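Produce the entire structure from the sequences given, and follow the hints as far as they go.
Order-wise, the sequence lines are chains U and Y.
Just so we're aligned, residue 166 is where the first sequence starts under this note's numbering, counting upward by one.
Just so we're aligned, residue 2 is where the second sequence starts under this note's numbering, counting upward by one.
Rather than coming from a laboratory, the hints here were simulated on the basis of the structure.
Treat the hints loosely; a few may be bogus.
Partial selection, computed: residues in chain Y whose CB lies under 10 Å from chain U [claimed, not checked]:
1) 3
2) 5
3) 18
4) 45
5) 57
6) 65
7) 84
8) 99
Quick caveat, the model's predicted, so the values are computed rather than measured.
Note that beta-carbon positions come from the ideal geometry of N, C-alpha and C, so glycine has one too.
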Amino acid sequence: MVDSFWRGVRRTLPVMLGVIPFGIAYGASAVQHLSRFQAMGMSLIVFAGTAQFIAVGLMAQGASPIIILTTTALVNLRFLLMSAAFVPHLRARRRIVQVLLAPLVVDETLAVSSVEWGTEKFDKRFLLGSGLTTYVTWQLSSLAGILSGPLLAPGPVLEFALPASLIGLLVLLVRSRQVMIIGLLAALITLLLHSFLPHTWSILIATIFSASVGVMIQRWKPGS
Amino acid sequence: MILGMALITYLLRYLPLAWLSHMQLPDWFVHWLKLVPVTVLAAILAPTLIMPQNKVDFTLSNVHFWAAIPTVLVAWRSRNIMSTIAIGMATAALLHYLI
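So, in structure tokens, the structure goes:
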């Protein structure tokens with residue numbers, strides 16, 4: 166029984182190599198715009214790397230809480246589907262199990278778990294092992310980033326940690342030429358609206374509009 | 002507000018588990034959701050890289066824009082966040098201290 170837990174841990178460790186610098190970069194850049202408590206708190210209770218980075222980016226641009234919460238909701242909507250994907254494999258009937266496992270639904274645990282689904286050996290303990298590994302790694306690396314942040318001189322170099330991480334993520338998400346075009350469209354719209362509207366509204370409008378156009382393009386001409 | 006983010010994120014993860022996921026989401030909606038992360042990231046990055054002070058700036062003093070170019074290339078080739086961040090920041094440092 167405990168086997169399953171440790172298998173979850175082991176399968177997840179390689180992925181952590183990518184998470185660690187991400188966490189450190191998050192901590193180091195978050196601490197430029199937030200207090201240490203806030204930066205660490207976000208990692209502890211939100212536990213969503215992309216959303217945390219995006220939130221810090223928005224805060225740096227002076228966005229209102231409503232925009233940040235809405236963007237967080239939009240960006241994290243994928244958790245609905247990821248969580249749904251887990252359900253048939255978890256068979257978590259008891260409420261307490263659902264409540265406790267929910268925070269472990271993250272990109273990394275989904276990726277690692279979905280491989281295990283094929284072997285029919287997946288169960289709740291696997292997710293627990295995978296999720297705790299990811300959670301602890303995220304907390305430790307965020308902390309490392311937060312603590313070392315102030316030691317590094319602030320300035321364009323350190324501030325580039327955030328855009329560099331976002332670029333890294335963005336490139337991983339662009340899996341076809343069509344998606345690349347959709348991303349460029351979003352960028353273009355944002356730039357066009359940027360001078361007229363508060364930055365953060367231009368981001369939301371660009372996102373909703375280009376994602377919609379993207380759906381239409383991809384349904385019209387499937388494939389890249 | 003961080004509490005708000007935590008609550009929203011938690012609910013997003015919890016509700017499907019609680020409701021049992023065999024909701025039939027319309028295809029177009031699922032499709033739309035898949036495009037949201039890409040578009041949000043692109044929308045966030047574009048102004049910070051290209052219009053840092055609300056004006057289009059392609060001069061060399063806009064270190065972020067020029068450092069972004071090798072960053073994108075490294076991200077594209079390596080598909081590795083670690084290398085991307087490392088090379089990106091190294092380039093930024095190079096540009097910052099040479100210009």
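Status of each hint after checking the structure:
no., hint, verdict
1, 3, "holds, 5 Å"
2, 5, "holds, 5 Å"
3, 18, "holds, 4 Å"
4, 45, "holds, 5 Å"
5, 57, "holds, 8 Å"
6, 65, "holds, 6 Å"
7, 84, "holds, 9 Å"
8, 99, "violated, 12 Å"
When held up to the earlier numbered hints, the structure conflicts with hint 8 and nothing else.
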